[in-house]
Amino acid sequence: MSAAQPFLLELHCEEIPARFLQPLTADLSAALTAWAAGQNLELTGLEVFYSPRKLAWRAAGLPLAQADQIEIQVGPPQRMCVDEAGQPTIQGQKFAEKWGVPFAAVRFEQPAGKKEPCAVVTITKVGRPTVDLLQEALPGLVAGLHVPKAMRWGNSDFEFVRPIRSILCLLGDQVVPITLDGVTASNTTWGHRLFHRAQPEPVVVPEPAAYEAALEAAGVVVSVDVRRARIAEQLNTLAAAVGGRVVADAELLDTLAEIVEFPKIVCGEFPPEFLELPKEVLVTSLREHQKSFCIEKLDGTDLLPCFLTAANRTDDPAGFVKAGNEWVLKARLYDARFFFAEDRKLPLAVRMEKLMALTFQRDLGSYHDKTGRVVAITKALAKRLSLDEAHMERALEAARMAKCDLRTLMVGEFPELQGIMGGEYLRHEGSHEEVWMAVKEHYRPAGADDALPVTALGCLLSLCDKLDTVGGCFAVGIIPSGSKDPLALRRSGQGLVRILWERGWALTPRDLSGVVLGIVGPKATKPIAETTEALLAFFKDRVTYQLELAGYAGSVRRSALAAGWEDLADLKARCEALSGFADDPRFASLAQSAKRIGNILKDEIPDGNFDGALLVQGEEKELAIQLGRLEATTDQAALLGVLADLAQPLEAFFGAVMVKCEDPALRATRLSLLHRLRQAFLRVADFSLWQ
Amino acid sequence: MHIQELILRLQRFWADRGCLIGQPYDIEKGAGTMNPLTFFGALGAKPWNVAYVEPSRRPADGRYGENPFRVYKHLQFQVILKPSPAKVQDLYIESLEALGIDFSKHDLRFEEDNWESPSLGAWGVGWQVVLDGMEISQFTYFQQVGGQDCRPVSAELTYGIERICMFLGGYDNIFDLVHGEVKTDDGVFPVTYGEMRQREEFELSAYSFEHADLDLHRNLFASFEKEGWRLLTDHGHFLSAYEQALKMSHTFNVLDARGAVSTTERPAVIKRVRDLASGCAKAYLEHQEGSAATIAAAGKGGAL
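Chains as they are written, first to last, in the working numbering: chain A, -13 to 677; chain B, 701 to 1004.
Isolated chain A (complex conformation) (with noise of 0.2 Å):
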């Protein structure tokens, strides 16, 4: 094995679109992993590096040449390849030349596993310097990456994410010449583009240590989370300064992190008078037009008329950046002053109308036949909920407010305040809070990381319009499968069983089934039974994954689950009340039990009807007690309790009886105890599925 060098290998291109930067880094190394295990080549410490400019790998060792091979082969018996005078035969030459050696080269030797003495040669494949190979293989592994939008430029066929500008490749201080569509690398490289104006000369990296100091040096940070820590670090320093914190985005500061070579936060403000704008709208429009942070005062309530945006600079000499800024800001917020204005000269109903114009789904119609659903969805299940008519007002009036936003200037330009906008309009309007909250919140849980809307007129809401969604699209032939959601279906699905899952409203999947599929009716193209299959289906589905986000144990969500999973009340119950048992050693015993009733039950199903008296044995009189009691108790907690009860004398009873007796009668007795013993048993959990 020869002595190991660091490699370094950086693509310099023009601005790559920060999305690929980390996959197509991530993929490289793969690629570059495996190639070197195929090559018998130790590559260690194997490190990325990657900026809008540069995408970089640096391994702290890999072997100058891959390391000599010894092989030895063995050939015919000697006696074939000696004739008597002690001379090379004709096959023994060939055996020598077959493996380039001269005859006096091959020894004889009785190999393990061979009758006599044989011809034997030790080959020696010398290693290949690393280098060669590299030379070789990189060229294919960067052009074999995938690029999801790969673009050709000037005169050449070769694709990639951008045009390659320069390549900079060493292993050790030795420069590793690979060529790529006709550029060919050494060991430069280019520094920060506003710093080659003053700099005409490429930047030097002498060796793969040197990479960060050098290119540091010339004004760029190739470490991502390094550019990271450092914007942080000045967005809370300058927030501090202005007496307020930053409102907290980790995409954002992801996206900050990647779109700069050297990160400079500059802290510019916008005219106070903004800030009568809602601050979600503050908010977006900071973030989606200018990639900024907002500040908002320390007790959290109000922003601060600041922003914090990235540079790609050292610095800002002539307050250029933060004045060009603010400039830009100033329209935006400008422009989003307008939308509010203009949105709130109509009462937001009168969108109502336009909503008629506006697709939701060609078969399931406009947001206005959308609406009408959801109303009429609403009101099911508030009367299934038992609201009082005071509140069955509020949730009907909300549900017909609740899409009008989308027809707003608002929202056309922030898709991503729908929902919020019609909540403040409405606020504005002067309606009931209940009501705007609930507008407000109706797209949330946008997420699994999402809160639930907090009030209970918000869950309902985004309830009935997600089954709406859901019960809509499913009648309608639209049903994911695999990698195919193209509708979001199963988030949706996901929120609608978490409202239920954490509210513990008294609806099962199945009523919700049948609520929506007999609203949507007459615009469903497929028939309803295939549609409620499907649907409970999916439902089931969305609980199990429910019971996973719970954090239930395995054994837990799947006995609990065989055991019924459509009244999720009582679903969440029994998981609660297993999960405190699960260490219970009783628990182990019974399902061992629960198993030996199911093998026994496999064959002969009995009616359950039996007469106590004609049990004989002890054990059995015993059980049947037991049976007794475990059927009068109907609290799941303690249905647990007299299951685990259950324990002992069930080892009992099949230590001392045997079940499938001679006797006709007493046999179809004791097959229609354990059968009651097994329905019981189900209420809570299918043992037989617990390990």
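Since the hints were derived computationally from the structure, they do not count as laboratory data. Just so you know, these numbers come straight off a predicted model, no measurement behind them. Where is the CB? At the ideal position from N, CA and C, for every residue including glycine. Among the hints, a few may not be true.
To be verified - With beta-carbon atoms standing in for the labels, derived distance ranges:
1) A:E187 to B:V891: 43 to 51 Å
2) A:D13 to B:D934: 51 to 59 Å
3) A:G416 to B:S962: 31 to 39 Å
4) A:V112 to B:K746: 51 to 59 Å
5) A:D118 to B:E811: 36 to 44 Å
6) B:A798 to A:P333: 47 to 55 Å
Dock chain B against the given chain A, drawing on the hints supplied.
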């Protein structure tokens, strides 16, 4: 900087770097890309560098001359470089320096922004160029035009002239920009963008949002389409047919501004424009191939 000074400097800059200076094409259009100097120039193998100003009409962006940032019609400065030079980004930065932007004091970023024109059957990848937080240009490597692969690839640079002027001068209202100065025996009279254009903005906005006759436009759209296909299929005339495609595109934009095209019918209507434009692109390439020998023999160049 006055608008006309900005245009003159850009023209000088690109002429000095080997670009033809072209002229706007006299048919309404939504973007400078639609000028035949770009649409046909980006097709085929011949080297082709051209720069020109193009007035671009976006009926839906009309604000009656009341919004200080948004207008129905704005000016684009368009540069096409085929094949895209290796130092195209540096060239672009030098052009900004020619406008007096000193990069020792400004922030410049190239942010992903891929361009697509469904009605031209064209797409490319590239960036929006952001100066101190402000988008000042679009930068695109054309991959396809008129449904045809671009080989070689052209780089397209589009400067938003009014925006850059506003930004450089710190203007808060587009109509306060100064187009240039009129000098007479009686003195010097600066002429603002507002004086030249505000009334036009008002009338054109009113036209596209209120007064345009929708039935007329629907009929025009169909008539231009029919005329275009007749020219293309009966006569093999791709230039006059392409003019019909441009007229279809603008007619569509007027209808669209009025909300007269529903979201469901929209893709199909756009496809009708694209089909004609793509037919023109294909006919152009076939014509180029057919006449390549003749042109080579005659020693004449030029993309058209």
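Legend entry - Range agreement (Cβ of B:S962 with Cβ of A:G416, hint 31 to 39 Å): Once the Cβ atoms are compared, 34 Å apart, the range 31 to 39 Å for B:S962 and A:G416 holds.
Inset, instruction - Hint says 36 to 44 Å; check whether the CB-CB distance for A:D118 and B:E811 agrees. - result: At roughly 40 Å between Cβ atoms, B:E811 and A:D118 fall inside 36 to 44 Å, so the hint holds.
Inset, instruction - Using the beta carbons of A:D13 and B:D934, state whether their distance is inside 51 to 59 Å or not. - result: holds, 52 Å
Legend entry - Pairwise beta carbon distance, A:V112 to B:K746, judged against the given window 51 to 59 Å: Because 52 Å falls inside the window, the suggested range holds.
Inset, instruction - Can you let me know if the beta-carbon spacing of A:E187 and B:V891 is within 43 to 51 Å? - result: The hint (43 to 51 Å, Cβ to Cβ) holds, given that A:E187 and B:V891 are roughly 47 Å apart.
Legend entry - Pairwise beta carbon distance, B:A798 to A:P333, judged against the given window 47 to 55 Å: holds, 53 Å
Violated hints: none; the structure is consistent with every hint.
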